[in-house]
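S.K.: The primary structure of each chain is shown beneath.
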Amino acid sequence: MAQGYLALVLHAHLPFVRHPEHDNFLEEDWLFQAITETYIPLIQVFEGMERDGIPFKLTMSLTPPLLSMLGDDLLQKRYLRFLDRSLELAEKEIIRTRTKPDDLPLAQMYHRKLSEARVLFVDRYQHNLVRAFRNFMEAGHLEIITCGATHGYLPLMNLTPNAVRAQIQVAVETHERFLGVRPSGIWLPECAYEPGIETHLAEAGLRYFFLDTHGLSYAQPRPQYGVHTPILCPNGVAVFGRDAESSRQVWSSKEGYPGDFDYRDFYRDIGYDLDHDYIRPYIAATGERKMTGFKYHRITGATDQKEPYQPQDARSKASAHAGDFLFNRQRQVDQLASAMDRPPIIVAPYDAELFGHWWYEGPDWLNFLLRRIAADDEVVSLITPSEYLERHPKNPVATPSASSWGHNGYHEHWLSSKNDWIYRHLHKAAGRMVELAQTYPDASGLEQRALNQAARELLLAQSSDWAFIMFAETMVEYAVKRTKDHLIRFTRLYKEIRKGRIDATWLADIESKDNIFPHIDYRVYS
Amino acid sequence: MKREPELSKMTKSELSALARRKKIPVAAGLLKEDMVKTVKKGLRKIEAQKKSKTAPAKTRKRPTASKTTPKSATTKSSKSAKDKPGARKPKSAARKSASAGQKQTPVKEKARAKSTAKKKAQKLPAKKSALRKLKKASPKKAAKRRKPSPSNPPAIQLPDHYGDHRLVALPRDPNWAYVYWDLNPKRVRELLKGAGQTPGKARWMLRVYSAALHPVQEKGHYFDVDINLQGGNYYLNLSRPGARFIVEIGLIDTSGLFWPTAQSNPVILPLNLPSEVTAPEGTSPDWPDFRGGSSFSKPPSSRFR
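Those protein sequence lines, which keep their order, are chains P and Y. Numbering-wise (my numbering), the first sequence opens with residue 2 and increments by one. Numbering-wise (my numbering), the second sequence opens with residue 65 and increments by one.
Misleading hints may appear alongside valid ones.
As the list claims (entries may be wrong) - Here are the in silico distance ranges between beta carbons for each label pair:
1) P:A245 <-> Y:T342: 41 to 51 Å
2) P:P235 <-> Y:G258: 37 to 47 Å
3) P:Q439 <-> Y:K87: 25 to 35 Å
4) P:G206 <-> Y:K265: 36 to 46 Å
5) Y:K265 <-> P:G237: 51 to 61 Å
6) Y:Y226 <-> P:I55: 53 to 63 Å
The hints are simulated quantities; they were obtained by calculation from the structure and are not laboratory data. Quick reminder that beta carbons are idealized off the backbone N, C-alpha and C, glycines included.
Please model the complete structure; the sequences and the hints are all you need to start from.
M.R.: Okay, here's the thing in structure tokens:
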């Protein structure tokens, strides 16, 4: 038996972006790029492990918006179109780079990978990648957990407890619809917590959640072993804390692996580098340049003079980094175990999209790491939170500290002068939704549809992604528009329901656009 | 062809200015070489149009190009912010990998995003004035366009205030809390009248009570903060991690008496230090088997039909 455990947790989430009203919509690329660069490569890693008979255990959150998008017919069709367009570009790239010995092998590599992705997406999983993740879950390799229904920032909506409750209940029920089982745990959106949220989790049957390091180390009273055992909230829901050291090795700008000079540079992309006329069919319909996923340079260093990317060197580096990561975890467990009366657990959570999309070699690193651990598990073995709690049910009882995993560890990313205007509207809408649910407990027909749609619009407006984008000043226009659109739709529905004059044509239109949670029942707010 | 070397020597802002002068639509966020090409193309088009105007009517090209250009420019402008490189990822992967990959070149991306925003800001007045002209030219048409129909009622905007008469407090971090207020104008008038104050001259305050955790009603010590009522919100530097506060909004009359009109929800700041007390041990409660089995054989909950 190993001296300690490593719980790798991948948080897979994208906001719900689906615009049937436009034939091409740039923000839908977020999903398409993540499928090509992250989800399919991860599935390929898991398939490889299974094929080689190597045991592995991972925890993965698949958020309700992501599940909904992966299972959506329109987005599946559009992804295939995106993939085929990328394949077409790959073919052109092979021709364009035929006299460039540095670039040609890379163009061929992209063509091969895209072709394999197509086979996986179309032939193996019939356009629905949820099936793939579900297979690994049913085989016992993945423990899939849920998240807020639309990744709503719970501590900032807690003024209306029913709104928090709805985020949790709708998430659990959506999870069950897509994956056939209720989740045992939850990744709180942005790891954001304040005392009391665990009540809603227990009510939904959720057994555990995760917090950033200080959520546990500042818990009241102080847990003896910090984040290296879970704690139990007074109501029995367990909390696992992020291990700072293992996080730093992957996330840190100074010590983190993804910034290694041999790894592929994210920003140099032919969408920006090549002649406009050549690249025109593969960028935005407006002619504006965008990322294509075809990149030929390595990070090289703090310079604009980027050197050619060498996949073999990068792969060797990924292997070395996996070895380094395991070595450090073994050393860490060795030290911790000697000072503890039970095996320590190291919880290492990462955004899933870091692997492949941002850190191109991330899936390789994970592959090497999983295989190394399987071959050398005397000191550290992989575990999921459920398994840990089954083996070690006795843990410190404490109330975690309010916290998040954002910059500085609290709520300032989501509550700042750049985005604080949203809260008066979100709070108002949440209050109105509760009022509607309580006023119309037995609605049917058109009224019921309008009430359900109002719930969808509120949930979509609450997505923490919009506030984050406003703070980060990236796609502010889109984030503001989404927040306002959903709030305005909600407000109009509220007024129409209250007046008893529901515009059926308009309702059908927004039902077709914001079609997330088709089976939602607005009474979740009552 | 003569213009080509000149254009390539121009800076991006010079190219933008030229494009504006000549009414050539240039999408925001283009690289310089793309801008050169676009402007060059535009100039050729203008030349061709000039020539076609002098040609006989039968061979004249359709004169719609110049009319449609402002429209397409607007479209491009409104979509241009959608794909700021490096910015297109709205989630924590974006922020964290950006820091993880600092050795890369995020600054360049930021600069592109900024220039896009700047160009958009420049285009806005032109769009507005075009709209005004349209309305002036055909008021009946514009009125017809605005006329509500069952499926197209007048556009709803988010109000600045709802008039609920409430004060809300949210914790931001161990030191700061955010409060916003939404006061009912009628009740504000009544308060002013009661306190003998005139609207423009009243001194509005937030009174911040350091409240004990229990009981809820006990307010304890307080301090006051002057506010601009129209501002609608305020960040309070409380600097007491773990402490609980209640805030009131009101005005101070000439005798120094505080006239509260709304009270916030209690707000507790997050902690930033470990507790000195060690937690006792407890045992996880019995939970159903979450990974399949009997508890999941039942049909999905009745909430989802």
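S.K.: Lying within 41 to 51 Å: is that true of the beta-carbon distance A245 (chain P) to T342 (chain Y)?
M.R.: violated (21 Å)
S.K.: At the C-beta level, are K265 (chain Y) and G237 (chain P) separated by a distance inside 51 to 61 Å?
M.R.: holds (57 Å)
S.K.: Given the range 37 to 47 Å, decide if the beta-carbon distance of P235 (chain P) to G258 (chain Y) lies inside it.
M.R.: Taking Cβ atoms as reference, P235 (chain P) and G258 (chain Y) lie about 46 Å apart, which means the hint holds.
S.K.: Is the gap between the beta carbons of Y226 (chain Y) and I55 (chain P) within 53 to 63 Å?
M.R.: holds (58 Å)
S.K.: Is 36 to 46 Å a correct range for the gap between the Cβ atoms of G206 (chain P) and K265 (chain Y)?
M.R.: violated (58 Å)
S.K.: Taking 25 to 35 Å as the hint, is the beta-carbon distance of Q439 (chain P) and K87 (chain Y) inside that range?
M.R.: About 57 Å separates the Cβ atoms of Q439 (chain P) and K87 (chain Y), which means 25 to 35 Å is violated.
Hint compliance for this structure: hints 1, 3 and 4 are not met, and every other hint is.
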